[in-house]
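Engineer: Chains as they are written, first to last, in numbering that gives the first Met the number 0: chain E, 0 to 277; chain A, 0 to 117.
Please note that the accuracy of each hint is not assured.
Stated by the list, open to error - In silico contact screen, one side only, chain A against chain E (beta carbon under 7 Å); selected entries:
{"#": "1", "residue": "TYR57"}
{"#": "2", "residue": "VAL71"}
{"#": "3", "residue": "THR90"}
{"#": "4", "residue": "THR96"}
{"#": "5", "residue": "ILE104"}
Simulated from the structure, these hints should not be mistaken for laboratory data. This structure is a prediction, so every number in the text was calculated from the model and none was measured. Here a beta-carbon is modelled for each residue, glycine too, at the ideal position from N, C-alpha and C.
Spelled out from the first residue to the last, the chains are:
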Amino acid sequence: MTSTNPPVNEGPELRLGDGPTPEVISEEEIHEEVKPPEVSARDAANWAKSVSRLSVSDAPADAVNLNVTGRRVMSPIQGFGKMWQKTYRVELANCESTPSEIITVWKENFSKFWPERNRFFGPLTGIAPGEVALLNLTMPGRLKLSTGVLVLYADEESFTLMTPQGHMFAGWITFSSFEKSGSPVAQAQVLMRSNDPMYEIGLSLGGHKKEDEFWEHTLSSLASYLGAGGEVDTQVICVDKKRQWSKATNIWHNAAIRSSIYSMGTPFRMIAKPFRRT
Amino acid sequence: MSQPTLSMDVRKAGDRTSIVDIKGDVTSGSEDVLMEAYGQASADQARCIMLNFSGLEYMNSGGIGLLVTLVVRANRQHQRILAFGLNEHYTQIFELTRLDDAIGIHDTEGDAMAAAGA
């Protein structure tokens, strides 16, 4: 068990007696000066650049752009409810595409595979690290929910979307493809906590089931598009049963509540529209 | 899918502190190695576990997910997780994914040791 030593740069050869007596540096001082080398990571282009708050540029005219601009992204650490890892996987039997070809198809047609009445307004440049996409979702009871996602990570065989404040859950979804037993597999894996107490109640009253159906539908649609059959296998693991009550105040950003208020104001906005200054 | 290369060595750094030296690639396929290292590091009732990332070569979003689950396990055991040796790129990723809310980031092992009070 040894510590990692920093790389040593080879310099000009020094001989004893060449110069003044060197200052004695204690072991502690050497320890303090050791810093990690700054190297260009080979995954640097795959990650979004660090952003403190999201912004949306060039939102499509038919998209409701709410609850995204100015929001921070949320990892499961900042969420409220129980923490879940959900894995949805389909084996693409008889599909001759490689994992990177499958991911290319998935990225290019991402919203086509979603269930009806749920819309993903991806960036014009496609799914790429740092891009922000708008989501207009239909919740149970035809409730409309407007939110978004940040493309956190993308490479040839996977991409990850991270949610902002106000989204139903705090966390990310990784879409990937890989070979298993000679067949390509497509997978969506969610690592999440509900964002606030209201969403937590909603998830326990059928929301989890709806979410499972959502991603099962997506994977089935992808498999059909690729001309492959296969049943979606769903695995759900509760990673943490504890709820983080200190995060209950996340409800302030709740996109469902804010979207409902926005919807209720629609008639008033229509009446006021002709009188608005352009 | 090619197998990522990863090794993790665990060493003691005080009565209740362990250091995990991470070398190689951290991806979703690293779960067994990471959790085994965490198990070794937690032996002797360690209260603080420090992750040395100076040998980290590559990490994807699956690797970040694993670190989140590690934080959950450590919280359950009332352990602190600290990190050092992250280069600028990975420090930014910790900030972007907000892992830095749960894992204290320090430049050097000495800084992390001082923060741990070891």
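Engineer: Against this structure, judge whether each hint is valid.
Structural biologist: For each hint, the structure was consulted:
no.	hint	verdict
1	TYR57	holds (5 Å)
2	VAL71	holds (5 Å)
3	THR90	violated (9 Å)
4	THR96	holds (5 Å)
5	ILE104	violated (11 Å)
The structure fails hints 3, 5 (numbered hints given earlier, in ascending order).
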